[in-house]
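Here is how the chains run, residue by residue.
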Amino acid sequence: MTLYLHELRQNRISLAVWTAAIALFMVACVVIYPEMETDMEEMGEMFASMGSFTAAFGMDRLNFGTLMGYYAIECGNVIGIGGAFFAALTGIAALAKEEKDHTAEFLLTHPVSRTKIISAKLAAVMTQVIVLNAVVLAASAGSIVLMDLDAEWKNILLMHLAYFLLQIELAGVCFGLSAFIRGGSLGAGLGFALVLYFMNLIKNITDEAEFLKYVTPFAYCDGADIVDAGSLDGMLVGLGMGYMTVALAIGFWWYRRKDIA
Amino acid sequence: MKAIETKGLTKFYGKARGIIDVNLEVAEGEFFGFIGPNGAGKSTTIRTLLGLINATEGSANVLGLDINGDKTKPLAKVGYLPSEAVFYRGMKVREVLKFSAGLRGLDCRKEAEALCERLELDMSRKVDELSFGNRKKVAIVCAMQHKPDLYILDEPTSGLDPLMQREFFEILKEKNEEGATVFLSSHVLSEIQKNCSRAAIIREGRIVAEGSVEELAASAAKRVVIGGKVDLAGLEGIRDLSATDEGATFLYTGKADKLIKHLAAFDVADLSIAEPDLEEIFMHYYQGGEA
Chain U
1 MTLYLHELRQ
11 NRISLAVWTA
21 AIALFMVACV
31 VIYPEMETDM
41 EEMGEMFASM
51 GSFTAAFGMD
61 RLNFGTLMGY
71 YAIECGNVIG
81 IGGAFFAALT
91 GIAALAKEEK
101 DHTAEFLLTH
111 PVSRTKIISA
121 KLAAVMTQVI
131 VLNAVVLAAS
141 AGSIVLMDLD
151 AEWKNILLMH
161 LAYFLLQIEL
171 AGVCFGLSAF
181 IRGGSLGAGL
191 GFALVLYFMN
201 LIKNITDEAE
211 FLKYVTPFAY
221 CDGADIVDAG
231 SLDGMLVGLG
241 MGYMTVALAI
251 GFWWYRRKDI
261 A
Chain D
1 MKAIETKGLT
11 KFYGKARGII
21 DVNLEVAEGE
31 FFGFIGPNGA
41 GKSTTIRTLL
51 GLINATEGSA
61 NVLGLDINGD
71 KTKPLAKVGY
81 LPSEAVFYRG
91 MKVREVLKFS
101 AGLRGLDCRK
111 EAEALCERLE
121 LDMSRKVDEL
131 SFGNRKKVAI
141 VCAMQHKPDL
151 YILDEPTSGL
161 DPLMQREFFE
171 ILKEKNEEGA
181 TVFLSSHVLS
191 EIQKNCSRAA
201 IIREGRIVAE
211 GSVEELAASA
221 AKRVVIGGKV
231 DLAGLEGIRD
241 LSATDEGATF
251 LYTGKADKLI
261 KHLAAFDVAD
271 LSIAEPDLEE
281 IFMHYYQGGE
291 A
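From first to last, the protein sequence lines stand for chains U and D. Under the working numbering, the first residue of the first sequence is numbered 1, with each subsequent residue one higher. Under the working numbering, the first residue of the second sequence is numbered 1, with each subsequent residue one higher.
No lab work stands behind these hints, which were simulated from the structure alone. Among the hints, a few may not be true.
Result set (DSSO-like, lysine-lysine): computed pairs, CA atoms no more than 27 Å apart in a straight line [as the list claims (entries may be wrong)]:
id, chain 1, residue 1, chain 2, residue 2
1, D, Lys147, D, Lys2
2, D, Lys229, D, Lys194
3, D, Lys173, U, Lys100
4, D, Lys175, D, Lys194
5, U, Lys100, D, Lys92
6, U, Lys116, D, Lys98
7, D, Lys110, U, Lys258
8, D, Lys194, U, Lys258
9, D, Lys15, U, Lys100
10, D, Lys77, U, Lys258
11, D, Lys194, D, Lys147
12, D, Lys175, U, Lys116
13, U, Lys116, D, Lys147
14, U, Lys116, D, Lys77
15, D, Lys229, D, Lys255
16, D, Lys255, U, Lys258
17, U, Lys116, D, Lys73
18, D, Lys194, D, Lys173
19, U, Lys100, D, Lys126
Fair warning: this is a prediction, and the values are worked out from it, not measured in the lab.
Chain D with its partners taken away, still in its complex shape (with noise of 0.2 Å):
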């Protein structure tokens, strides 16, 4: 069974594009990245799975529960966490918490409060006086406080200062490691490198590229620093060139063997040779181009 799967998921607003054959499969157990721009698609894959809005065409299963059928059964399981945390007016933390574990017939106290403690959170505080960052914990322990199987987390760190994002994905590998799937959509690049085992990358509706996060910062090219003055001419596979007397640095798509006999007929001072970040990858789906 796969945790998410979409078969040709297309969704439009009207005339709008929203999401154009988007095919998705996290497998269980997952710690998975969904990358892309404002805009992209990413929260409109999103509410399609948690059947907020209905696909135009295509299908989807969460959880192996077909998302047009009885959606209960899936959002049982699921733990959401909405990029922008909105909660009714004039409710306590504790209250909401309540309410929310109320709504799916549940006493989830012990685990709220623990969750609280760590993401240090006052219980007692009412969510209209709370900053952005603080009404975000309080949606991040919605999303945990019932132990889901999987978590759909749309740009959760947005608002949380660096040590709660440390701590947040400390409690979300925990979460893994115990079985459960992760689905984080960001634009943050390093938090899907840092975190994820795979990623999709999504743009202007449609997915670009999907694979391990290795395999897509991979994608054959090298970047490549050189230091000293150096010629290239004649060497094939060279992308995003800047050089200066000083040295060069480029995107390299040839052979490793080729670069290094280019390179010994120069009198070369430094040299490095590294995988580009996904940061540069991006750049080139974003753009419209290859990597």
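Okay, chain U solo, but in the shape it has when bound (with noise of 0.2 Å):
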């Protein structure tokens, strides 16, 4: 307890900073819809018709001009992207950092278990997680609700699950990779939560790359997939928590017979 409470200590500027950000972005989003709203028919028109850019971002099968197919598109990449770099930054660092900080000397020489180290800071990774998603919710609804939109609130909590689940996955995906680094792990996070990110695109772009949905959570955060099932796809949802608990296993077992440097 003492080491989960000493971590969301260490990273409560960070997870404050992120918060804000995300959820200042998603309110302005909302609040601009209206506006946006009257000059849909055009803009709709002209985004469903860039091409593989349209299909990129999934404006071929979203409409633009309704409150979901915006919000799917603008809200959903601020808190697609933002989360996920906030995720993969607090998991890749959670252990590297002791080592590269050179106070994994301190932590490791007091008498807690490396196994109950890995717990603690893996708890609090994944606490922060949930804070930071519970905030942004809770202002992005808000939002709604005070500009008094019509809502298919459905559908936006589902979206809201998904890029919360793809936060975990990366989280613990990252976390997992983090036993095995000292430094740069901050580099090594942004890096991989964009090419999961492109890797989405690429896919969206040409039905070659469809096999990549397997590999990126991006997939499973698809609005329009999300408006059309009207659920999330439970395989590639678990196939994600598959690779999580795999990064996670192999993290904990290299973690707890490494030599510290």
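The task is to assemble the complex, starting from two chains supplied on their own in separate frames and drawing on the hints.
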């Protein structure tokens, strides 16, 4: 418990900044929607006829003229990219920062088993992802209510759930990687999140890259798919959670026996 | 039960040598010195004892507990002072000490305050703002506030001013008299000679000598300093000789009787025969010679 609270304390500023930034952008997107809506007829057509650019962001299958279509694309990208970066950075720094900042020696010469250390750190990372998503959802939903917009609540909540699961998966996989890394964790985390994001864009553009949906968690966050199905793709989500479990298991296994520098 | 016992302890970092076949025995209640130059393997030995790194071969017990078993049991009774004290950014001294005690599941506020007072450490300062020496003091309090049975200290006095060094050893001596074992790694010989009862010398990863500090210092050789012109030809057991017309100084391993009878033939103005200091022994071991 001591270490768990310590981790949260250490990360409180980073969590506050990321949460505030994402929530602000989400609220801003919602607030400008009514203004956008009036120009939407033209804009919707324009956005729908930009070829592969349109496909990349799923704008061929979502109606940009409705709140849901707009929300899935605009807000989806904000929480999608912002949340993914936060999750990847927080996850990948969790174990690596101790060795990078030379605090590992201090921490690991206390009578706390490595299993407990890993568990407390993982719990702290997941707690932060939960807090970020709860605040962002509250801010976003609150602004929709305040703006008195006609929202498809089920789909909006499903979308938030999907991005939350994406962040959990990313945070978990990066946490597993963290056990192997000493320095340079920031770049690795950001790069990893970006690669997965672009994989999804490529998957959307070309059918030949359809298999990428089994790799990138952004695939199960696809707004168009969620709206079409009225649910998340259980298989893809399950696969993602599977990747996370494997990465965590390997990370645990390695960190329990590694030599600490 | 031994406080520390290693058998054939060996650590390689890939192909790079860490330590080779280290056998150490430190009895409970001992004040033990561990001497060696930089890179000799002092820190590797300590880090292995603390379970930070895994031995390639051999075994080690700390306070009777195998380091390959549940590491938390020995660590609960050990106070470790790292050579370079690094803490989490943004924390105050008080918070670091509380965090350290919290990780042990203890409340050490009373002891921490007493130690901070003796070491003149301000608990309300932020650790990032502290000088190297003051950060060292924080590490000292972290190593001591839970009243461990065994102190493992890696170059403890670097960064401390002489007054603080004295206070630090005062505290250590008190702890030692109360029954705690002290394992002191250092390359400052006077520290070892002044404080330790036994010591081991490590060089290039191997223990080259182990014994009581007097034994190590004595090791048969005497430092002889003569005033006046003498001819030393024919006297056996002389090393490290430097002679002038005014006198001579050398290390002597022969019998005292022979030396005196030999010198009787000359006009000796001044004579001193003394134990060589540890420094001299030490240099010999360092350079690969035998004292």
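How the hints compare with the structure:
At roughly 19 Å between alpha-carbon atoms, Lys147(D) and Lys2(D) fall within 27 Å of each other, so this suggested pair holds. A C-alpha spacing of about 35 Å is found between Lys229(D) and Lys194(D), which places the hinted pair above 27 Å, so the restraint is violated. The hinted pair formed by Lys173(D) and Lys100(U) fails the criterion: a straight-line CA distance of about 35 Å is larger than 27 Å. With a CA separation close to 16 Å, the supplied pair Lys175(D) and Lys194(D) stays within the 27 Å bound.
Restraint check for Lys100(U) and Lys92(D): satisfied, since their Cα atoms lie roughly 21 Å apart, inside the 27 Å limit. Taking the CA atoms of Lys116(U) and Lys98(D), the gap is near 19 Å; set against the 27 Å cutoff, the hint holds. As the CA atoms of Lys110(D) and Lys258(U) are separated by approximately 36 Å, the hinted pair breaks the 27 Å bound. Restraint check: the Cα-Cα separation between Lys194(D) and Lys258(U) comes to about 38 Å, which exceeds 27 Å; the hinted pair is violated.
For the suggested pair Lys15(D) and Lys100(U), the alpha carbons sit about 23 Å apart, so the restraint of at most 27 Å is met. A threshold of 27 Å between alpha carbons decides the hint, and for Lys77(D) with Lys258(U) the separation of about 23 Å falls inside it, so the pair holds. Annotation: proposed proximity of Lys194(D) to Lys147(D) holds, straight-line Cα distance about 23 Å (limit 27 Å). At roughly 31 Å between alpha-carbon atoms, Lys175(D) and Lys116(U) are farther apart than 27 Å, so this suggested pair is violated.
Distance check on the hinted pair: Lys116(U) and Lys147(D) sit about 23 Å apart at the alpha-carbon level, within 27 Å; holds. Only pairs whose Cα atoms come within 27 Å are accepted, and Lys116(U) paired with Lys77(D) is accepted, the gap being roughly 19 Å. As the CA atoms of Lys229(D) and Lys255(D) are separated by approximately 21 Å, the hinted pair is consistent with the 27 Å bound. Restraint check for Lys255(D) and Lys258(U): not satisfied, since their Cα atoms lie roughly 55 Å apart, outside the 27 Å limit.
Of the supplied pair hints, the one linking Lys116(U) and Lys73(D) holds, its CA atoms being roughly 14 Å apart against a limit of 27 Å. Our distance criterion of 27 Å between C-alpha atoms is met by Lys194(D) and Lys173(D), whose separation comes to about 11 Å. Distance restraint check for Lys100(U) and Lys126(D): the Cα-Cα separation of roughly 20 Å lies within the 27 Å cut-off, and the hinted pair is therefore satisfied.
This entry does not satisfy hints 2, 3, 7, 8, 12, 16, going by the numbered hints stated previously.
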